[in-house]
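Trainee: Protein sequences, first through last, are from chains L and H. In this text, residue positions in the first sequence follow numbering that gives the first Met the number 0: the first is 0, and each later residue adds one. In this text, residue positions in the second sequence follow numbering that gives the first Met the number 0: the first is 0, and each later residue adds one.
Because the hints were derived from the structure by calculation, they are not lab data. Where a beta carbon is used, it is the ideal one built from N, C-alpha and C, also for glycine. Some hints could be false.
[What the hints assert, rightly or not] Once the Cα atoms are required to be at most 25 Å apart in a straight line, the calculated DSS-like pairs of lysine-lysine come out as:
no., chain 1, residue 1, chain 2, residue 2
1, L, K374, H, K79
2, H, K212, L, K353
3, H, K79, H, K212
[Unchecked claim] Partner residues aside, some chain L positions facing chain H, computed with beta carbon under 7 Å:
no., residue
4, R11
5, R34
6, Y101
7, Y199
8, I202
9, D235
10, A236
11, S317
12, L477
Chain by chain, the residues run as shown.
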Amino acid sequence: MDLRHLDTAALRQSLRQGQCSSRELTTACLTAIQRLDPDINAFITIDPDDALAQADAADQRRARGEDHPLLGIPMAVKDLFCTRNLRTTCGARILEKFIPPYESTATARLRQAGAILLGKSNMDAFAMGSTNEHSDFGPCRNPWDLQRSPGGSSGGSAAAIAARMAWGAIASDTGGSVRVPAAYCGCVGFKPTYGRVSRYGMIAFASSLDQAGALARDVTTAAAIIEAVAGADPADATCAQRPAPSLSAIPPAALAAAKVGVIQELFAAPMEPAAAEAYQDTLQRLAKAGLELHNIHLPELQTALPAYHVIAMAEAASNLARYDGLRFGQARAAADLHHIRRQSRAAGFNREVKRRIITGTYILSAGQQAGLHPKAMAARAAITAALHRALRTTPLLLSPTTPRSAPPLLLQAPEDPILTYHQDLMTVGPSLAGLPAISLPCARIHQRPLGLQIIAAPFAEATLIAFARAIEALLDPLPLPCGVTP
Amino acid sequence: MTHWETLIGLEVHVQLATRTKLFSPEAIIPNAPPNSACHPISLGLPGTLPTLNGHAVHLALRAAIALGCHIHPVSTFARKSYFYPDLPKGYQITQDHHPIAGPGQLRFTSQGRDHTCPITRIHLEEDTAKRLQLDPHTCGIDHNRAGIPLIEIVTAPSLSSPQHAADFLRALHRCLVDAGVTLGHLDQGHLRCDANLSLRRPGQAPGVRCEIKNLNSFRFVAQALTAEADRQRHRLARGLPLTPTTLSWNHARQALRAMRAKEDSAAYRFLPEPDLPPLTITAEHIASARQALPPSTTQREETLRQNFALNPHDAQRLANYPQVYAAFCAAHDIYPHPQTLAKLLLGGLLRRDNGTKDQPPPLQARQIADAARLLDTQALSSTSLRALLQQCLHDPNQPLPSELLAQQGPSAPATPADLDALVCRVAAAHPTESARLRAGEEKLRAYFMGRCMAAAGAHADPQAIAAALHRWLRSAPPP
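Bound-form chain H, shown alone (with noise of 0.2 Å):
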């Protein structure tokens, strides 16, 4: 029997990082107490209306700039209604026929390949109201959430493996967050997905579609998709019937639930809304878009290559941060040593997570950049730079690292340790001197006790010093 083709389609709502709401001017304030901020506009007080957060457009069109989606000079807004107790209108305002932006696509990798997802389309939509289950017996209203902008993605049903859906997924929430588009807080809902899968033979047409809804992790993405593409073959394989289903994933049980039978359009009542004159986009408003976006990943990646000369690997990790990319950029404009600064900013020196997360790091650029300047210049170990960095750290003052050292007098006897670390440096910096002295060739030993007197400078003590170089010369080769 021929195998199943997989087709998965994604809906992901998406956050804005805006400081109000999409049609109302209260701040949105997470964790705040439920029902502390809501505006009567939220709440559907009669005889409120909605006026647009232009915020919330712009950055529905970096979104779009970013996923390299057409722009519609004019979209237009629409309720769509059903009636639920977490929206308070009646119905949500949405965007139905004319979305704000069509069709773009983004690249990602996936188990080592390349890969193009196209995009169909953005739109604009307000977030609802949020349940909260107090007790078994009690269900209340949080109307903090409704309103809160939000835009909706969709994709093409051309993802064609859970994994696939998944890695797809990271690159967008990694291109949101670039942009500047989301703060892209999964744990607080600011990306949402409602996952779309049916199978088909090749070369026939697709089968039932069944909808997962609300998925907010990248890891549940995977599994449910698993679980329902498993689920589907079963059923096709016993003959078994499908019917288009919408369902649940319960992470505990690692199970799928039906919650109902799949809508179709018209059961949304789609009206075009009276109180919001149609979005006009202007080339000014693209303009300032696309001049607010940050590069992206890939961009900072090839600039860090091709620019700064850094290695594959440094280069990739340092843009994979945006935030240490950016104390990168800064330092480099006042100590152009890119490979030292790399090291600084992506070795342990800085950072005070194992360098997995985005963070600024906790110095000035003018203290990163004197900071490596020592580490060029000066003997010392990682040991010795770290206690310097942290007494920057804790000094109001904020004084250079340089300062520091040169406050603290001729430097205490160097530890073995700084002394091996300075013999390592200078050893990489004439690779072919010391490839000949590790051969035997005697008569450069002088030759790098000089070089290494020097960057020891005038405290230095020979004999410690000579004592390093016969352990380096010992020591194993670098790979």
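Just chain L, with the same shape it has in the complex (with noise of 0.2 Å):
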């Protein structure tokens, strides 16, 4: 049997008792890799010998004794973690050379838990996208659909895991980039509280949003790998003072007469029919097994997707100001300075990032002071304030993460933004928010997956976790992905 198929407590059991190595498993990944991402294209850059020696470390802690949830377990890694001496490039043209002289702190702790970081995986460029269309390195593929969208910004980590080429991710969302690619393929997708996790480390796109989060094949694997990332770091001022919180053992919640509020307006919201029908058909499946489901109404939510793009944009332009060729990443020679950093520029970005380089240096510009970025940030506020008071009703409250299934790679053709950005539409309430959420599958249609996302208090991850662990085993496994040969 292919290693690759084995379940998490299945494989923590065959490392534990010697019935199979880290190497192992980290060559039946690779094998995979090799076969199956010519397709997918869910990695940019892979280094199967460090993978190996990795492995080989691994085993031997193993044999020392030691025991992780994540000792030995192959990951993939979102290629905005700077990992030091290998290349890093944020889906971008302009980073196609960088190594980073340092290591990201969640990279740093997931090598120190003992996981196998085979590659970095596929992005739309500075993590700007929700279909992974917009990566310089070749868009990712559906392995559930090869002509579709895994979602984006983190599609080749979700694919990867959806393959079965990796057994988790270490990703980043700023405003659904976990948990859309999850939904559209088929995994776990959970994004901490902000703060939770630091950010050092990170390639920046909207600071204040950006959170790292993590993709896996269930809840438990993804609770490991945030408990292992998670926890004070003095080099981000924003992460939390809190210690990490302990995760990967919490047992499922009891679902009889849990209160859980479902957000009306999500549900209500213009939706691919099949899908609205299998969101309801979820929701009915939950109350039977004895949910106590509020409808919980959050018009301020309306404001959400321009207030996201607005405060976005503007940091991402901020951002991206330092990618000028002088110091690191693609130069253009030129005659002076002024035509390096332009022409560095226009032949580094490409159109998406470009667009958003532009919207946010007009929202921050002349005679907007006053106008759109303060607008969007009482947006926030309230929005923000919106969701606190219905968490205080009810500790949890459910969404469907995507308003569709996977939609169908437009490649060469023209692309209207403003739908593409719909696809956020679920996501960014709690991103603004700075709230914990989760997205599991729940149902398919038309052979494609859905997410469920579960939203919880700041911090509050531990009953998020528990709770995602009892509805995920109320719902069905999703089979192995049908793009895909085993």
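Using the hints, build the complex out of the two chains.
Mentor: Structure (structure tokens):
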């Protein structure tokens, strides 16, 4: 049997009892990558020798008696986490040759836990996109249907897990970048509270929203990843001064009589028809299992998408000002400084990145100071207050993760950015409020998975994970994606 | 025609005396080889994040207290964006709407009169990298300076002449050096000033404002502002238009050069800094800064005059040199004779530089106190004392001057100069008697001989002292 198809419990048991080694698991993943990834394009950079060396080190640690839920488990790393001496592109041409001299806090902690970092996974350039089509290293494809998008921006991470090339991934979520691809690829996508995981070494898109998140085949593995990377970090001033929560061994919560809020505006939003039906079925199954479902109204969420885009684009324009070709990344030769910068940026940024820089620059420009950005910040404060209020009534909130299943790859077709941005409708609210949220596979329509989003109060990850484990056990497990051969 | 009034406001960038940078952990090393002292954070490498240096905040608070500024309990950081090769991140982290400190003031003296200049605000910000012209065709960037902590002190436009501006800046420099906020080395750019100038008719609104960038000496500030005031008056007199302009001062040519049209703040696309939480200042922070604040020049001068009864001239000179003042206080604890100590420390005896700079004296407090005691009790000329102090200086055992004197045994016969000094001292100690002797009251000569013999000690030669007294009576009386 191919070791890749072991579930988490069986995998951990095999490792503990010495029935398989991390080297064997890593070899199985590397072989699968070699076979499947030319079609899927989930990885930008792979260093097989380094992965095997990490696996041997993990096997030695286990032989010395060490144990950790992630010890020896092969994982993908979204290509915006800086890895010392390993190319980190952020999916962008301008960083094609960037080799960081330092390691991100999150990947350093994963290494400490003994996880095997297989390689750097594909993403929309600078995490700007919901489909992974804006990667400068080619689009990633959805293992459930190779003509469809895996979602974005962490598309490579989700696709690698769906195609069983890795058991988990560390990725980032700004407005849904972990949860949307998790939904489209049938994985678990877990974004903890803003400030739970250090951002040091994560290449910034929108700093006040960016948060490391985990993708995995199941809730337990996603929880173990966040448990390993969470906790205070003196290198990130916005990281909470709280110890890492204990998440990996949390038992499932009791569902009977659990109070859960159902966000009416999001279940009633314009949606792919089959999806709307599937979400209603899911709610009925939950009610049957004894959940106490409360209808919650959050009209404030109407402004979530525009507020999100104003804030994210303003911060993105500022964060991307450093890419001038002078110190790192790809520089274009030119006659003078002005032209080096101009040509480096013109050649190094794709259309979507340029669109967002220009929009963000406009938002912050002359005449706009009293306008868009402060309005968006006010809307953000109102959304945050409304979500906090709702969470005091019911400790958990439910919504669809996306208004649709995985969309077809548009490739050369001209895209309507507003339509594309609409995919983040459900996920940006919790991002603006900095709340922890998780997306679980809940149904399939036309053979494609859908995700259910569960939202919790700030730093209530333990409650969220316990509940998510119970829901996960209630819903049907997904088969192997039909787009890939076993 | 009525005259023009000049309005000058200054923005002063002061380098804080911290060991490390404002937002990253590397040490600040003056004159290090280019780009040898820069962490990835200072280079703005992707994924790096700023963290605030607590000591820089402490020094900014000291400055705020020294300038009597209102300290804001919460202040925030902002990004000021512009593309320039010396700005690694494409923005500078500074404070915009919510600076660490608000209004205050500084008193200063200019052309013999006291003035007060209102301070508008103080904010924290990071320095930029430095452009180096390597040859006529090549420009390098040294990132060692990138991220060095600065405070910017902004004054109200209330300085009324270039001379006032320069004198204000001198007083500010003195105040901040005293407060330990900055090392204040002007040649290393620790204090750089942007000067804004506009003209107005009395009672009317100010005219167009122009800014002269990056002035790093008091003299340049006065020269550049004088040139700018002349330029504006000249244009206005001929009916020529004035536009808001940013200028630079070329010292070699003694000329202003227009750099660019002046930006308004909207051009900088300010954004609240999402990587740094708001800065909260507690009562403890303020108390700790206040406690660390050494006395100001004015406070020192008052102490010297009131507690130590020094004359105004000596008090002012001593107060102006914090390190000499510190040595004075330490020696005074051992030998509480302020006049003698002031004479010793301010005269040429212990100074290597004719007393123009603030340097710690080369001897320890106990040695200085002992030297003062010798000066008061022994017949030693300044030449002899200087020789003795030189010996102390070069002796690794750091002996007391009196120990050295004792080791030398019965001293060599005192020189006529030593004895002249001795007679002068005795006369100064007995002003009434000396005046009467000078007036011809001969019976006091014996009294004086006795005093002088006592002061000269056992080895004295009465004939030589009698000769010295004779010379003193023939010399001109002191004014």
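Trainee: Work down the list of hints and note, for each, if the structure agrees.
Mentor: Comparing the hints with the structure gives:
1. L/K374 x H/K79: holds, 20 Å
2. H/K212 x L/K353: The given pair, whose Cα atoms are some 34 Å apart, is violated under the 25 Å limit.
3. H/K79 x H/K212: holds, 17 Å
4. R11: violated, 32 Å
5. R34: Given a least distance of 32 Å, the restraint on L/R34 is violated.
6. Y101: The hint holds - L/Y101 has a Cβ within 7 Å of chain H, the shortest such distance being about 6 Å.
7. Y199: holds, 5 Å
8. I202: holds, 4 Å
9. D235: holds, 5 Å
10. A236: holds, 5 Å
11. S317: holds, 5 Å
12. L477: violated, 34 Å
Violated hints, listed in ascending order, are 2, 4, 5 and 12; each of the other numbered hints is respected by the structure.
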